[in-house]
Amino acid sequence: MVFSSPLFLFAFFPLTVILYYIAPGKAKNYVLLAMSLLFYSWGEPRLVLLMVLSIIVNYILAACMEKSSSSSVRKLMLILSVVLDLGFLFYYKYLNFFNGILMQTTGHYLTTKYVALPIGISFYTFQIMSYVIDVYRKNVKAQKNPFYLALYISLFPQLIAGPIVRYIDVEKQIRERKHTSDKFYEGAVRFMKGFCKKVLIADQLAPLVNLVFDGKNESMLLAWAALIAYTLQIYYDFSGYSDMAIGMGKIFGFDFAENFTFPYISQSIKEFWRRWHISLSTWFRDYVYIPLGGSRKGTGRTYLNLFIVFLLTGFWHGASWNFLFWGIFYAVFLILERLGWGKVLEKMPRFFRHLYALFLVSMGWVLFRAADLTSALLYYRQMFTWNANEWDTLLFTVTPLYRAALLAGILFAFPHTPIWDRLKKYRFFELGKGIVFFLLFLVAICFMTGAGFSPFLYFRF
Amino acid sequence: MKGKTGYKILIALFMCVLVLPGALFLVKALSGEPCDVKLKGYFDAGNAPKLTAKNVSNGTFQSDTTNWFNQNFPPRGVLIQSYNSMRYMWFHQGNDILGKDDYIFEYSYVSSELMLEEKNDLSLPENQELMRDYVNKLVAIEDALHAQGKGLVFYISASKADECHDKLPDEYVAMSPENGIRPVDYLRQLFDEAGFDYLYTPDLIEGIPCDAFYASGIHWTRPLEQQVSLAVLRKIQEETGLTYRSWVLTDLQSSSEPYNRDTDVYNSMNIWQPPFDDVFYQYDTENVELEEYDQLNILMQGGSFSHGFWSDVWEHNPDEIIHYINYCEYYYDSHDFIPLNYKDGIPDEKMQAFYDKLKNGNMSFSEMVMQFQELSCKWDNVPIEQYLSEVDCVVIEINESVITNYSNGFVDQLYKYLCEGGQS
Chain A
1 MVFSSPLFLF AFFPLTVILY YIAPGKAKNY VLLAMSLLFY SWGEPRLVLL MVLSIIVNYI
61 LAACMEKSSS SSVRKLMLIL SVVLDLGFLF YYKYLNFFNG ILMQTTGHYL TTKYVALPIG
121 ISFYTFQIMS YVIDVYRKNV KAQKNPFYLA LYISLFPQLI AGPIVRYIDV EKQIRERKHT
181 SDKFYEGAVR FMKGFCKKVL IADQLAPLVN LVFDGKNESM LLAWAALIAY TLQIYYDFSG
241 YSDMAIGMGK IFGFDFAENF TFPYISQSIK EFWRRWHISL STWFRDYVYI PLGGSRKGTG
301 RTYLNLFIVF LLTGFWHGAS WNFLFWGIFY AVFLILERLG WGKVLEKMPR FFRHLYALFL
361 VSMGWVLFRA ADLTSALLYY RQMFTWNANE WDTLLFTVTP LYRAALLAGI LFAFPHTPIW
421 DRLKKYRFFE LGKGIVFFLL FLVAICFMTG AGFSPFLYFR F
Chain B
462 MKGKTGYKIL IALFMCVLVL PGALFLVKAL SGEPCDVKLK GYFDAGNAPK LTAKNVSNGT
522 FQSDTTNWFN QNFPPRGVLI QSYNSMRYMW FHQGNDILGK DDYIFEYSYV SSELMLEEKN
582 DLSLPENQEL MRDYVNKLVA IEDALHAQGK GLVFYISASK ADECHDKLPD EYVAMSPENG
642 IRPVDYLRQL FDEAGFDYLY TPDLIEGIPC DAFYASGIHW TRPLEQQVSL AVLRKIQEET
702 GLTYRSWVLT DLQSSSEPYN RDTDVYNSMN IWQPPFDDVF YQYDTENVEL EEYDQLNILM
762 QGGSFSHGFW SDVWEHNPDE IIHYINYCEY YYDSHDFIPL NYKDGIPDEK MQAFYDKLKN
822 GNMSFSEMVM QFQELSCKWD NVPIEQYLSE VDCVVIEINE SVITNYSNGF VDQLYKYLCE
882 GGQS
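Read top to bottom, the protein sequences are chains A and B. Under my numbering, the first residue of the first sequence carries the number 1, and numbering increases by one thereafter. Under my numbering, the first residue of the second sequence carries the number 462, and numbering increases by one thereafter.
Okay, chain A solo, but in the shape it has when bound (with noise of 0.2 Å):
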């Protein structure tokens, strides 16, 4: 169930609202589980068992690991914990990807069936993972009530797009938090505004991605608006959804990390992942990258670490080479940056610096969009190679409603912080921005149940 559906937005969701306000005290969270458990069995009637069992045993390991005063039975609790997690993950995620490779290579294969990628799996993997971790290392106590933990996990708001909530952020939230009017507007707010992301731009420009990336155009100049419109699409997408899930939380009194801060704006690499995905490059960076020896441990080491960290970023974002390659071509960008490369950049002009980060990162875009790298590499090439009837194909092509998808995208990927700063200070500032939205979403209810089902970009993942 797509949060833009019709289904999820004029049933679900409100039926899950007017229950939770309706139930009393504690039973909230009870709600929540239920509802939560009901919205992950929509999509995955049999694999909710996965998700469950993964729950239950680590529910128990992190227990033993609390109770336990022996530091290698705690570590041998971690190790099966992450033995366990990885393996489903593995198994659900990477095995037609390897049993491929072992079938070109050798002739052989482990399995002949094709194994489906459950929804959401890396995201609550990486959560259920992070919170036994945080309790092996005693940053947190474990989580006595099963269901409690059971909520953090399946929690429908952020559970198949993210962000990946960190139980040590939660973890007071689950047992106690407060529900105000203040809350829920904000909450209220901030859920138009993703689904007006995604509704209005992302998905009015997903035609026009579709059709040059799947190779039904030759055009240059076609290759490149299409590229520029990827590069929103994702961005609009996943933080409009990253919106939606922060707003629902709200609504139901939590408060989820920020996951996205501006990332277009960047000046380099390596600002662009403290802006994009921040919850998972946070996740990273704290459980692969210091783990690892961070740049504790010499330059090379620092390196190979960033090395490691990108190759495993990009392999989680999908089982295919180019997810692989988009990882590498981002590691070897940040380890030039640190090379000196960064220092170059930062003599330059701020508007180079803007126009390096964005066509790079851009570049990387063309590896995760298309559908394997051969095809990536044609549309590298076919965006250096001019044809006739260019500009005709370009206006024929982007019609009006792409070009304000474009536009739009554009404008609202900067923070136009001095517009903002001198409009808070009217009174009304904040009721005005939930009027604004709220016009915009009765406009983005009419987009989505007039241009039909829009899958989520961020399933795969």
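Using 25 Å as the maximum straight-line C-alpha spacing, the simulated DSS-like pairs for lysine-lysine come out as follows:
no., chain 1, residue 1, chain 2, residue 2
1, B, 598, B, 839
2, A, 26, A, 141
3, A, 178, B, 465
4, A, 28, B, 469
These stretches of chain B come out as covered by chain A in the derived footprint (C-beta under 8 Å, 3 or more residues):
no., region
5, 513-521
6, 546-559
7, 633-642
Keep in mind that the hints were calculated from the coordinates and are not lab data. Cβ atoms here follow ideal geometry from the backbone N, Cα and C, with glycine treated the same way.
Based on the hints, put chain B in the right spot on chain A.
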């Protein structure tokens, strides 16, 4: 807190928006009231989900429920119509192509007129070869029919994209190949070279008192359609040498309400705005009384433009015999409607798969039309030989926009029975 009441009002509005469709859905389910506007055109309501343990465990119930709700929740019609209106108003876009002065075109007409697809560019030798073969077969069919004392009438119906070329959007015109040859031009050239007699309906446009096409319709205006019907009837008469009952056009009526298909393509846009044309025309008619006459008995094949002919004929003389075949989709003779894709009333496997997909709502309207046309071409289901033995004349209508469909195989079938002795 400042504006706290405002916050609460906005929260209430937000929740109302979320709850309203679900509430209306319940009202609809309990009372049967639609609680919505009715959309024009294709609408697949989907099937209600069946709650069984098996359906739940394999996800069928969930996906069926999702589809069913998404297709049926009220006020879906209002929302879709609002979406279409916004798209039209703000971006001058619709499901079809919006040209200058709000002239609406369907893609197939524009594609043929501007040769946007390769098959419609007759400067290409392989396309020329196909069309030459088509014309050669028509000439041979005409000869064979004449030898049996029967006639052949072939007429080309006008295309809005051709007649209203100046209303086509510039970005589409720019995509047209510079040295391309339109199908209609090449077909007419071949007909002239072969000395093949045909009726070119755009020649009749000068004689009508209004435009040939309205901005809001993809089919021609009624006055032109009425003129064409009479011209086709005259042509059949010439070919067969028989005397048929006819009618005359009398007073020209005008109305703010559209006649027949005057706003067909506008209707399919499902927008709130009123139709762009404000006056529509149609002739009154009077039957010509004859003491002695022959009964019209023809086999006719064509597309939607030929509907004007048989509906005019049956309106004036319901007992005339017309075996009508729409492309290769269905047979109609004013009594029976037989989809040609069915054999003995049972759809074949491919057809069944198509209907299943259709039922699940996984198909756009244009995809449905395309697949329907593709799937339904089963000439084996049509007793052409029997019709040929009964009728006095064969009439073929082809619109400028679908010339390169080559009558959907009908001409090949005629050729097979008339010139090759029925052998495949």
